[in-house]
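> Single-letter residue listing:
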Amino acid sequence: MSVRYDAIVIGGGHNGLVNAAYLAKAGKRVLVLERRHVVGGAAVTEEVFPGFKFSVCSYVVSLLRPEIIRELDLPRHGLEILPLDGTFTPMPDGNYLWRVNDHAKTRREIARHSRLDAEAYEEYGKAMAQMAKFVKPILSMIPPDPARLSWREIQKFIFLGRRFRSLPRADQYNQVQLMTMSAVDFLDQWFETDVLKATMAASGIIGTFLGVRSPGTAYVLLHHYMGEIDGAFRSWGFARGGTGAISNAIAAAAREAGAEIRTQSPVARIVVKGGRACGVVLENGDEFEAEVVVSNADPHRTFLKMIEPGNLPDDFLEEVRRYKFRGSSGKVNLALDVLPDFQCLPGPGLHLRGAISISPSVEYVERAYDEAKYGHYSHRPYLDIVIPTLTDPSLAPPGKHVMSCFVQYAPYHLKSTTWDEEREAFGDTVIETLAEYAPNLKDIILGRQVITPLDLEREWGLTEGNIFQGELSLEQLFFLRPVPGWAQYRTPIKNLYLCGSATHPGGGIMGAPGRLAAMEILKDFKR
Amino acid sequence: MAHDLIIIGAGHNGLVTAFYLAKAGLRPLVLERRHVVGGAAITDEFHPGFKCSTLAHNAGPVAAGILGDMQLERHGLKVISHDGALMAPLADGRALRLFADTERSAREIAAFSKKDAERYPEFERTLSRLAAVIARVAAQAPPSLDGSSWHAFRDGWALLGLGREVRHLGKRDLYRLLRWTPMAVADLASEWFESEPLRALVAARGIFGAFLGPRSAGSAALLLLRAAADPRPAGSLWIPEGGMGSLTQAMARAAQEAGAEIRTGAEVRHIVVQDGRARGVVLAGGEEIAARRIVSSADPQRTLLGLVGPAELQPQFISRLQHYRCRGVMAKLNLALAGLPSFRAIQNGSTLSPRLHIGPDINYLERALDDAKYGRFSREPYLDVLIPSLLDPSLAPPGRHVMSVCVQFAPYQLRGGNWQQQRDALGRTVLDTLACYAPNIRDLVLEMQLITPLDMEETYGLTGGHIFHGELSLDQVLTMRPLLGWARYRTPIAGLYLCGSGTHPGNGLTGLSGRNAAREILKDR
Numbered sequence: 000m001s002v003r004y005d006a007i008v009i010g011g012g013h014n015g016l017v018n019a020a021y022l023a024k025a026g027k028r029v030l031v032l033e034r035r036h037v038v039g040g041a042a043v044t045e046e047v048f049p050g051f052k053f054s055v056c057s058y059v060v061s062l063l064r065p066e067i068i069r070e071l072d073l074p075r076h077g078l079e080i081l082p083l084d085g086t087f088t089p090m091p092d093g094n095y096l097w098r099v100n101d102h103a104k105t106r107r108e109i110a111r112h113s114r115l116d117a118e119a120y121e122e123y124g125k126a127m128a129q130m131a132k133f134v135k136p137i138l139s140m141i142p143p144d145p146a147r148l149s150w151r152e153i154q155k156f157i158f159l160g161r162r163f164r165s166l167p168r169a170d171q172y173n174q175v176q177l178m179t180m181s182a183v184d185f186l187d188q189w190f191e192t193d194v195l196k197a198t199m200a201a202s203g204i205i206g207t208f209l210g211v212r213s214p215g216t217a218y219v220l221l222h223h224y225m226g227e228i229d230g231a232f233r234s235w236g237f238a239r240g241g242t243g244a245i246s247n248a249i250a251a252a253a254r255e256a257g258a259e260i261r262t263q264s265p266v267a268r269i270v271v272k273g274g275r276a277c278g279v280v281l282e283n284g285d286e287f288e289a290e291v292v293v294s295n296a297d298p299h300r301t302f303l304k305m306i307e308p309g310n311l312p313d314d315f316l317e318e319v320r321r322y323k324f325r326g327s328s329g330k331v332n333l334a335l336d337v338l339p340d341f342q343c344l345p346g347p348g349l350h351l352r353g354a355i356s357i358s359p360s361v362e363y364v365e366r367a368y369d370e371a372k373y374g375h376y377s378h379r380p381y382l383d384i385v386i387p388t389l390t391d392p393s394l395a396p397p398g399k400h401v402m403s404c405f406v407q408y409a410p411y412h413l414k415s416t417t418w419d420e421e422r423e424a425f426g427d428t429v430i431e432t433l434a435e436y437a438p439n440l441k442d443i444i445l446g447r448q449v450i451t452p453l454d455l456e457r458e459w460g461l462t463e464g465n466i467f468q469g470e471l472s473l474e475q476l477f478f479l480r481p482v483p484g485w486a487q488y489r490t491p492i493k494n495l496y497l498c499g500s501a502t503h504p505g506g507g508i509m510g511a512p513g514r515l516a517a518m519e520i521l522k523d524f525k526r
Numbered sequence: 000m001a002h003d004l005i006i007i008g009a010g011h012n013g014l015v016t017a018f019y020l021a022k023a024g025l026r027p028l029v030l031e032r033r034h035v036v037g038g039a040a041i042t043d044e045f046h047p048g049f050k051c052s053t054l055a056h057n058a059g060p061v062a063a064g065i066l067g068d069m070q071l072e073r074h075g076l077k078v079i080s081h082d083g084a085l086m087a088p089l090a091d092g093r094a095l096r097l098f099a100d101t102e103r104s105a106r107e108i109a110a111f112s113k114k115d116a117e118r119y120p121e122f123e124r125t126l127s128r129l130a131a132v133i134a135r136v137a138a139q140a141p142p143s144l145d146g147s148s149w150h151a152f153r154d155g156w157a158l159l160g161l162g163r164e165v166r167h168l169g170k171r172d173l174y175r176l177l178r179w180t181p182m183a184v185a186d187l188a189s190e191w192f193e194s195e196p197l198r199a200l201v202a203a204r205g206i207f208g209a210f211l212g213p214r215s216a217g218s219a220a221l222l223l224l225r226a227a228a229d230p231r232p233a234g235s236l237w238i239p240e241g242g243m244g245s246l247t248q249a250m251a252r253a254a255q256e257a258g259a260e261i262r263t264g265a266e267v268r269h270i271v272v273q274d275g276r277a278r279g280v281v282l283a284g285g286e287e288i289a290a291r292r293i294v295s296s297a298d299p300q301r302t303l304l305g306l307v308g309p310a311e312l313q314p315q316f317i318s319r320l321q322h323y324r325c326r327g328v329m330a331k332l333n334l335a336l337a338g339l340p341s342f343r344a345i346q347n348g349s350t351l352s353p354r355l356h357i358g359p360d361i362n363y364l365e366r367a368l369d370d371a372k373y374g375r376f377s378r379e380p381y382l383d384v385l386i387p388s389l390l391d392p393s394l395a396p397p398g399r400h401v402m403s404v405c406v407q408f409a410p411y412q413l414r415g416g417n418w419q420q421q422r423d424a425l426g427r428t429v430l431d432t433l434a435c436y437a438p439n440i441r442d443l444v445l446e447m448q449l450i451t452p453l454d455m456e457e458t459y460g461l462t463g464g465h466i467f468h469g470e471l472s473l474d475q476v477l478t479m480r481p482l483l484g485w486a487r488y489r490t491p492i493a494g495l496y497l498c499g500s501g502t503h504p505g506n507g508l509t510g511l512s513g514r515n516a517a518r519e520i521l522k523d524r
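Read top to bottom, the protein sequences are chains U and S.
Read in order, the letters of the first sequence are residues 0 to 526 in numbering that gives the first Met the number 0.
Read in order, the letters of the second sequence are residues 0 to 524 in numbering that gives the first Met the number 0.
One or more of the hints may lead you astray.
Each computed BS3-like pair below joins lysine-lysine, with the alpha-carbon atoms no more than 25 Å apart [what the hints assert, rightly or not]:
#, chain 1, residue 1, chain 2, residue 2
1, U, Lys323, S, Lys22
2, U, Lys414, S, Lys22
3, U, Lys104, U, Lys125
4, S, Lys22, S, Lys522
5, U, Lys272, U, Lys323
6, U, Lys155, S, Lys372
7, U, Lys24, U, Lys493
8, U, Lys399, U, Lys441
9, U, Lys272, U, Lys522
10, U, Lys272, U, Lys525
11, U, Lys304, U, Lys323
12, S, Lys372, U, Lys493
13, U, Lys155, U, Lys525
14, U, Lys24, U, Lys525
15, U, Lys323, S, Lys170
Simulated from the structure, these hints should not be mistaken for laboratory data.
Since the model is a prediction, treat every value here as computed from it, not as a measurement.
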């Protein structure tokens, strides 16, 4: 007879682990079941080639909520964030744009392209920091339900309304525009330098099936001003030991609080009796009972695959089916013999320590999207590249490097071909693209791992390869995420909850969904 | 003698405002730059014996309340509506037809998809329920962001329909409304339907006149806004006998009867501002007319940056207004035809619908936008076509026809070239596109009148050639139209108001901007 748990968390991704840690800290008996051999989900470090360790999927961190770091005491559990400094954008004409955290330096650099923009950059930074301050509390807030007229829900709307109205008019403008405009339209109001706009706007499309000119992409620009590491705004970083170190630290905190974590334990089914979730069955037939079941998997996997038909209302299932995934990105991880040499700024240097962005013009990025709209991966994709070994040499043998290339667009649905057929050609495209700026690249590759959206689905359980467990488009955010009426982590099945990126506030290594879900679950335990 | 009030521009919104203000006892003087009233709602004999609605060819339709208040039928307006509503010819020679009658439409749809035919009636019902809420929002001034928090709360409440309407709407529809508004219309259409021709037909309304493709977020909001005027999924045909000019002529008569004075050929050059207050206008000939209040039906940029001038405005306001997006994407082609073109889709005695949609699938519409993003007109444009002479024989000599074509996308700003050089090429492209569906069309053309976005700006006063006086995108609607904080028809200049399409709801020929503006102006009396 197996033990009865208070809570079972399906999936040991970072949100599942955060959720488990909070539940365990509240004294609950928690079991985390992870399908793979390693915890972390998409926040994982794996030794892909002997001696070369990669943050296989997610590769940078900035949004991890400071309250989580604090409350779970993650530094004590081994979390160390190393700063990622700057963004370097090589251009085909031999020029480049290199922004760093040092404001004065960046200003001088932008002034090389446009004096006006250098001035605007200052203003822009201030305005965005204001906006980020406005938005931040929303990340730590249970979304209100507009169709429920209880005092508790109305209070949330009043809170939001008051906050908005208390902003100066200029900030109100920015806020409305950020929520509705395209990244390029928004940036057009501030800047004239094409490469600057392209690089900034490209960050607005990461993980979405939208172009830089698509309305609704501007708000992601905020993310760059929302990241907090050691309390400092707008910093991005690496975890020492790769992204998996974050998951490991959270897992350690969860274990310390008493949570049990089992890997290689794929859940086949959630047991529902009388409209209530009461346990899970593993693929090997093992059964576990629990008071509540929390799924860190996305709504498709949770509701369409793990729940037997008949347990959910039809209109809810209809909403789940229309929830949009549409993965749009892939990843190419390279083991390198030496550092790549960029034609526009030769030799090793600090410019390689930050992000390297292949986004030379707005048109370049937008055309990459055009191809994806019609079912082709971009012939010249937008790349966001990091070489974490420059910051954390422990990831590769001495003198060697690992390079991580985030690639967009790689639409999950390809027209008249499959990802299994296209995987290597896709990898070649990425190398070709990058080699146009760093010609030595082809000669220094010791190993190459190509991850297509289909691989993300198969191996990491991300439906349609969406890295955020569902598109972060306006109609799938806040009280509409994942489906309207079910944005407060509960589901139509009693005692079944969601805690993954498919819930508010969504994707990225934030941990907020896991924490907020835990808060709601604990509220229900008290009832 | 100072007039009570001057209205700049005798477009339909200017005339509606004039009517309501005159009705309330004011004596507005309407000044129209051109020799004819109507703005973008005009009829022109562009070839001997051939008359066509020069620009707008299908009304919003005009809100029923306005029609009734102005008694336009008594003033000579005869509306032709037609239920053979819309035909979308396809490349393979078939065609999808939608009618006002739901069942009949469903039968047509069944030829493409049985499932879609089943879902269509429900879509129509849902759209019309949601559109009814939007229609209420469109018929009132947007909520204020200023004032006490109680006012804001009340406004917000009224607006979101969290009061009475929502209870009518129900939870499911409320969620739909919230979810649909920011969506891409292609996604919305795909959620309901599986056949491409129907998806494209539904989606087209969400991009008409806008710099949006069916995959652009916010295009579903535009569909809802248009559905607020007419909730049928494909829209409707609502044309005045004699072309759009007859509508505005009737409006002008109604306004005059109510007490408004209208002067044509009176171009306002400048709005006189003293101490932050509008005092009157100066005409092109130098004549100065004093007035206590000025209402402009011109677009916001033309009014404030052009007629008032930056010296009277705060730098931040100027900068915001300069960034108001007002780049048109539509051209208009009017054709005088020697006969009715033979559409390949017309076989076995079926008849030609007077309204045609050219844009057979979502990708076609999206590709048409792609060209415009990079500063070119669409190689295969999306066309909204009317053959008004099928319904109104007064427009062409017997046996002959006029065809009126809205062409999208034709961006105001071209890359590498200008509209003088590219005008003919665009005309050819449109005829080539039409010829895919009606191969003999080129042989029938007696005359063509092509109006580029540049012409729309230069001849008809639409800044940037934008038919809606500014993009109807999520950041420029409702409380944000034209600018956040200035959505209630007032401007930073005391006594100066806006009443054109650059204000809420700003959607085609419904007259609602004009009526909402008049109400606000009367509140300040």
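> Now look at each hint and say whether the structure bears it out.
Against the structure, the hints come out as follows:
1. Between lysine 323 (chain U) and lysine 22 (chain S), the direct Cα distance comes to roughly 52 Å. Violation of the 25 Å bound is thereby established for this hinted pair.
2. For the hint pairing lysine 414 (chain U) with lysine 22 (chain S), the CA-to-CA distance comes to about 61 Å; that exceeds 25 Å, so the pair is violated.
3. Only pairs whose Cα atoms come within 25 Å are accepted, and lysine 104 (chain U) paired with lysine 125 (chain U) is accepted, the gap being roughly 17 Å.
4. Taking the CA atoms of lysine 22 (chain S) and lysine 522 (chain S), the gap is about 14 Å. The hint holds against a cut of 25 Å.
5. At roughly 29 Å between alpha-carbon atoms, lysine 272 (chain U) and lysine 323 (chain U) are farther apart than 25 Å, so this suggested pair is violated.
6. Distance check on the hinted pair: lysine 155 (chain U) and lysine 372 (chain S) sit about 40 Å apart at the alpha-carbon level, beyond 25 Å; violated.
7. Distance check on the hinted pair: lysine 24 (chain U) and lysine 493 (chain U) sit about 23 Å apart at the alpha-carbon level, within 25 Å; holds.
8. With a C-alpha separation of about 15 Å, the suggested pair lysine 399 (chain U) and lysine 441 (chain U) falls inside the 25 Å cut-off, and the hint holds.
9. The straight-line distance between the Cα atoms of lysine 272 (chain U) and lysine 522 (chain U) is roughly 22 Å, inside the 25 Å bound, and the hint therefore holds.
10. Proposed proximity of lysine 272 (chain U) and lysine 525 (chain U) is supported: the alpha carbons are some 22 Å apart, at most 25 Å.
11. Under the criterion of a C-alpha separation no larger than 25 Å, the hint pairing lysine 304 (chain U) with lysine 323 (chain U) is consistent with the structure, at around 16 Å.
12. This hinted pair does not check out: lysine 372 (chain S) and lysine 493 (chain U) have alpha carbons roughly 49 Å apart, beyond 25 Å.
13. Between lysine 155 (chain U) and lysine 525 (chain U), the direct Cα distance comes to roughly 22 Å. Compliance with the 25 Å bound is thereby established for this hinted pair.
14. Between lysine 24 (chain U) and lysine 525 (chain U), the direct Cα distance comes to roughly 15 Å. Compliance with the 25 Å bound is thereby established for this hinted pair.
15. With a C-alpha separation of about 21 Å, the suggested pair lysine 323 (chain U) and lysine 170 (chain S) falls inside the 25 Å cut-off, and the hint holds.
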